[in-house]
Every structure is written in C-alpha cells, then in structure tokens.
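Chemist: Chains as they are written, first to last, in the numbering used here: chain W, 1 to 443; chain Y, 1001 to 1361.
Calculated directly from the structure, the hints in this document are not laboratory data.
Check before you lean on any hint, since a few could be wrong.
Here are some chain W residues pointing at chain Y (derived, C-beta under 7 angstroms) [claimed, not checked]:
| no. | residue |
| --- | --- |
| 1 | PRO181 |
| 2 | ASP341 |
| 3 | ASN343 |
Quick reminder that beta carbons are idealized off the backbone N, C-alpha and C, glycines included.
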Amino acid sequence: MTLYSELPLLVVLPETVEQVQHVLRICHELNVPVVARGAGTGLSAGAMPHPEGILLCLSKLDQILDIDILARTARAQPGVSNLSISDAAAEHGLYYAPDPSSQIACTIGGNVSENSGGVHCLKYGLTVHNILSLEVLTVEGEKLTIGSMGLDSPGYDLMALLTGSEGLLGIITEVTVRLLPLPELAQVIMAGFNNVSTAGNAVGAIIAEGIIPAGLEMMDRLAIQAAEDFAQAGYPREAAAILLCEVDGTSEEVAQHTQKIARLFEQHGATSVTISRDETQRALLWKGRKAAFPAIGRISPDYYCMDGTIPRSQLSFVLNEIYRLSEQYALPVANVFHAGDGNLHPLIMFDASDSTAIHRAEEFGAKILELSVRVGGCITGEHGVGIEKLSQMTNQFTAQELLQLEDIKHAFDPALNLNPGKGIPILKRCQEYRALPARHQHD
Amino acid sequence: MTERPPLQNQDRSEHIINALQQARDARNSVYIKGGGSKQHLIGRNCNGTILDISGHRGIVDYQPQELVITARAGTPLVDIIAALENEGQSLSFEPPLFSGIATLGGTLACNLSGPARPWSGSIRDMVLGVRLINGKCEQLNFGGKVIKNVAGYDVPRLQAGALGTLGVLCEVSLKVLPRANKTLTLCYDMSAQEAVQYMNQKAGQPKPLSGAFWLDGRVYMRLSGATSAVDSTVKQWGGEILASDETLWRQLREMTLPFFDDQGALWRFSVQSSAKVRHDFGTTLIDWCGAQRWVHGDHAGEVLQQAAAEAGGHVSLFRGGDRNAEVRAPLNSVEQVLQQRLKKSFDPDGILNPGRLYSWL
Ligand SMILES: Cc1cc2nc3c(=O)[nH]c(=O)nc-3n(C[C@H](O)[C@H](O)[C@H](O)COP(=O)(O)OP(=O)(O)OC[C@H]3O[C@@H](n4cnc5c(N)ncnc54)[C@H](O)[C@@H]3O)c2cc1C
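Let the sequences and hints guide you as you build the complete structure.
Modeler: Printed below as a string of structure tokens:
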C-alpha cells in the first residue's frame, strides 16, 4: 500500500557482486540494517526502507550470464526482469514458467525472495519449483552456493528456506532457473457467468475432470469492467464473473481439452463461451487479466491488494462473504485471482486522503485473511508477509511456531540486520529486539 | 514365524511426544524409524533409542477436488496410492515403495522420488504442509493444505532430505495429480554419451516425456499424458515400442533391476543432466534424463566428489560401503556453520537422529 513509505539512511546501487559483498561487510561491522530491493513491485511492503538502514538496490545487476540450451537452464543476476529471461530463451524454443503479472518489471531476485507465482503456476509450479541454484551472500558477506545443477543438494535444503524469505536470510546475487520447452500450442477458453457461485463451482468441475489447465483465472464484475475499459480485451461486460482457462500441449491434446472444457463450462451454467482463435486473441484475453491491478488503480485513488489462499471448494462461500464485508465497510472490492490455485486477490478500493477509509480498508483486509485461515487456507499465497501481514501471522501460527521461525532467522542473521521488522513478527522475548520506528511496532 | 496382524490406523502423536520427552529428559538421542525400508540406505549409521512411528498411520483428510491428501507420517505409501487410485489420481513423484513398507514420513525425510522426477517434481516439490515435533518436544504446524502458501519460511520443504534431523514428522500434506490417460515407452540403441545428448534434446521439445533412462546400450523414453499427445509423439519420434514397459519402470523405481543386485557400495551422482559421461567408474545407470547416475564399487570418495563437482553436482554413498564415515559431499566451513545453527534451531540438544546426515550434525 502507498501508506507504507519510509526514507532510508542511505541508498546504494552496486554494480558488481563484490560491491554488494563490500557493503554487507561494512554493514555487518557497523551493525546497520540492510534492506534489499529489486524492482520494488512487491505487494506487502517487503522492500520498504528502514530509517536507520541501507537500501541495497540490486537493479544494476541486470545481466543474463548464460543460457544452456541442452541442459535447459538460464543463469541470471538478481536484477534481471522476469520477462527478459523468457524473452532471451524464446529463440531456443524455451521459456521460464512462473509469470507474475508484474513480469515486465519485477526482478528474478525479488521473485525468489517472494516465491512468486503467476497465472501459469497451476500446472508449472511456483518459483521454488523452477529454480536450480542460487548464489547468496550471508549477512556477514560470505558467499554461498545453494542448490546445484543437479536436482537436489547435500545437507539441508537451504534453497527451500531462501525462496520466499523476503530478504530476511541472505542477499541473492545470482539465480539459475530451469527453462521449459515452449508449448506447441496454447488456447484460452473464456466463460462468462451471471453469478460468482456458478463460476466457482465450474472451477472445481474442471479439476474433477482430471484436467490440469495451464492457468485458470477468475475476475468478478468490477474487475471485468475496469479491465475491459483499460484493455478492450473483449470481456463480457454484463457478466458477474468470468473464467479464463488456458490449455496447452500438443495440438491434438489442446484441441481435445478445449472442446471438453467449453462443454463443461456450458454444463455448469456459463452464459457465454469464447475460445481464442489465434495468438493475437489469446494475448488480448490475457492482457486484460494482467492489466487488472493498474486498471483498478485508474478507477480508485488507492487499493489494498489481499492475497489469501483457500481450498477451491470454498470459493463461492468466501467470495460472497467478501461482498458482505464490502457492504459492511462501505468500500467497493474487485476480485481478480488465481482460481485454480484458490489464491484470492481482493482489491479493496479506498481513498487514502480519508483517514477513516484507511482504517476501514485495513480492517476489511484483516477480516478477509481471518476468513481465509478459518476455511482452511492461509494469509498469503504469493505476495509475502512483509509489513502488511505481520499482524495476521498470529492468525496462522501459534507462539511456539513463530518462535521456531524466529530461531531460523537467528541461524542466518543473529543480529537481525537483514530486513528487520518484516516477514516474521519478532516476539518481545528477543534480547536483540530492535527498536523499530514506533508505528511499525507490533505485539 | 507367525505373521503380525496389520497395524490399525491410529493417532499416536501423544505417545511419540511422550517417548521423545523421556529420551530428552534422560539425555538420550533417538533414531526415528518408520517402515525401516531405508534404515541402511542414504544416511549414516545412527545409534539412538529407536522411536518407532509406524503405528502412527492413516489418511487424515483427502479431498480429490482439492488435489490434496493429508496422512500421518507412518502411513505406508501403498495405502495412500490405493486411496488415490480410486479417484484416478496419483503421487506424481513416483516414490519407491520398497516391498510396500516405505512410509510417507520416511519418503519425505529421504526426499525420494522416482523416474518422473525431472518432469513431475519430487516429494520436496509436492509437500504442502507438515506437522512435526521438534527437538524441544513442541508440536508445530507449518505450511497447510492449500496449493500456495508463503507465510513464514518454507519449513515443510526443508524437511525433504533432512533425514529426520530437524523434527519427527507426524503429518504430511501433499499435492496430488490426476493419473495420465496413456503411458508408452520407446527405446533406441545407443551409447551412454549419445543417450545423454539425446535425452536432453528430446526434453527440450514440448512433448509429454515422463521418464528417460539409459542402461546397457539402450535408452528408454517414457511418454505419459493425454492419449492424443502420446500417440502423436510416438508418430513423430518413431522407434521401438517396448512391451510390458510397466515392469521395467517399476523395477527402475524400486531399484530391483539386475543392475542393482550388487550389494556392495552403491553411489548416486546428482549432476547436471547434460554432463559428459565418465567411463572410469565402471558400469553406469543413467536416469532422470541424465541428472541421476548410479555406479557401484569401492571408489575413493574424494575422486567421485571431484568428478561430481565437475559435472555441476554431488555424489553420495546410497547403500553399502562404510556408513560410519561421511556418506555425502563435504560442505565448506561457512556451509557447515549455517547447517549446524539451523539444526540447533530445531533440535538444540541434538537428540533427533544425530549424525545421520553428517557426523558433525
Ligand atoms: C501490478 C502487479 C502485479 C503483480 N502480480 C503478481 C503475481 O501475479 N504473482 C506474484 O507472485 N506477485 C505479483 N506481484 C507482486 C510482485 O511483483 C512480486 O512479489 C515480485 O516478485 C517482486 O519483485 P521485485 O523485484 O519488485 O521485488 P521487491 O519488491 O523489490 O522486493 C520484494 C522483497 O524481496 C526482497 N528482495 C528483493 N531482491 C532481493 C535479493 N536480490 N536478495 C534478497 N532479497 C531481495 C526485498 O527485500 C523484499 O522483501 C505483482 C505486483 C504488481 C505491482
């Protein structure tokens, strides 16, 4: 949220890994906090500067170092943008699968730190499933290679810990990703529904049919209208919800699945079904989806993006609860999300110049996350905890569990200098508890 | 010998905590045992009081439409697979069942996955949540039963390959997938080096490849997926279609191919899939599209480690040999310190499977 802003003591823009190492060594010696930053597109204020710390911008480390066509891997510096890896691999018929909607801008280092997903994660997995090895600098500035060019590594799987660690365990200075062959063919089936419950049930029906689509996304009325105004993607404006379902594979397989899914949508009450004719239309259908956040940004001065995950079977229940809360808090909400993964993105619209609206938005958001946990889900599927969801961590974890997470943090960063005040609430038992700026303190 | 009656499904977490607490109070360490299928594999010898969790078994929750199953760690994989098969689903990572005694917890602790690993992921990739008891006898939940979850560090995946040294696994949630409609195997005669090239080239094509291994001058390419996709690939690739291929892949997965008969030292290389083939370590079986390679014999560990490092990976002594010595690739001092601190964060008194992973851990 735009609410979270802070000036750092100093911003550094290193151009080499050695410089990063140098900065870390100095900070370690002087006991100064270090906040890593990629492109700053994170949605939980994870890269927000620390007032007494260094902001370590990795954007200048932006080289793709190597593409190994036979082994199907790419080695990149942390500041390389997500999309440029796929762009560089395309001439070899390969691509990097995780595709956050921010992929033009967000960095691979940021992706690893957040374990980012995208619209194709239902079939191809998250960042953690698509990386082989990392080069990491510890808080002391020591260089570590984590993972290997093989499919596992000896000792504890530190890659599992570093992925999604939000800059709290180490600084990522190089990433080796796995590349996949570009599918022969991909097609999108778009279905309109006149209420969200029928759309939600259709999601379950596809999975029950034994088909794992490459992507399965849902948008509700406000999101459809905003995205359509923004991108003219050809969405049915009158629909209460649409599903965008992509199937990919060999041409024969895609033909078979497309027909099957179109039929399933009709059987499950779709009011319109459109199958992409060609690549241009497919790209257009996705353009609307990928532009949905900025599209909402155009119609509301501010929005608060939530990220809870829920079991798929709870989709229609939870969406209807969100609408009820929207009325209760008198704040409009648009939903645009990864339905196949059960990963919700309610966008709560408000005006930050109205202090009561900020408060209501925060409370509304918190209610959604509590609800997600209550139906068996979690508080964040891909955006991370950062500062925004710090206080919700206690909904998902017991005190003992939080202390275990804290102990892991200690193992990597005993003085708590890496991105302090984010990700894991530091319980007060901690001697090293750093006096955070008062407004970021929490119990 | 009288046959023991099959164990009942039951929740034995309280018993496990009590047993662990007793061991802790007496300053004893424990060796966590599931089905016992891997007791003499993968890790180092470990002498602790046996903490048998095989009685803690049973499927706790299975929602086919959610593609998620949750079971107690002592549940035999065969029970889980049977439940999944009823719903047309499967464990995509194809774990070895080791005569039916392999358990869910043991498989996660050892991070064991079968021939589909390069395409369908490992158990490490599929684990969504765990309930574990750490060395302080605290029962903790991490992850969950949903496909995506980035709240807190990824403790569930950290358990994969940790050999039980960070916690006693109690309950595990896994992502499961629909079974393929059709499976078929093509085979071709070629040398090992040609096969590595061939497998990797084919893996770069968008075809439903689900297994690729080489042994004794033949490469075997398995295709699984939608019938139309498998059929069209067979037409394009050509080659000999292998009859009764299911047996072959099962034997590969279970390590019951004659290649594995030698009961001496068995080494596992985990390397870059396209790495050059070495001929100086005797007969090799090359699986995982080149990323997993097996050799036998009493080689000097350092020589193999050097070769593995050159191939972008590492080697471990999977079976046999001296299991009181280190069986895994050495780590440098920075790595060691970090691993030790991590171990301490879960198990400050070092009571869980001490020395199983490394002598110093
Ligand atoms: C319009 C929009 C759409 C989005 N869509 C998606 C989506 O579909 N899926 C999704 O998962 N996310 C999405 N996001 C969120 C965001 O883009 C991702 O979290 C992304 O991975 C962040 O990358 P970044 O380079 O901007 O990281 P930043 O925001 O700069 O940093 C994110 C966190 O990572 C840490 N960090 C960054 N680089 C490093 C490094 N090299 N080493 C250690 N720590 C580091 C930071 O300290 C911070 O905690 C979206 C965001 C926007 C604005």
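Chemist: For every hint, state whether the structure bears it out.
Modeler: Each hint tested on the structure:
no.	hint	verdict
1	PRO181	4 angstroms, holds
2	ASP341	5 angstroms, holds
3	ASN343	5 angstroms, holds
In terms of the numbered hints stated before, the structure departs from none.
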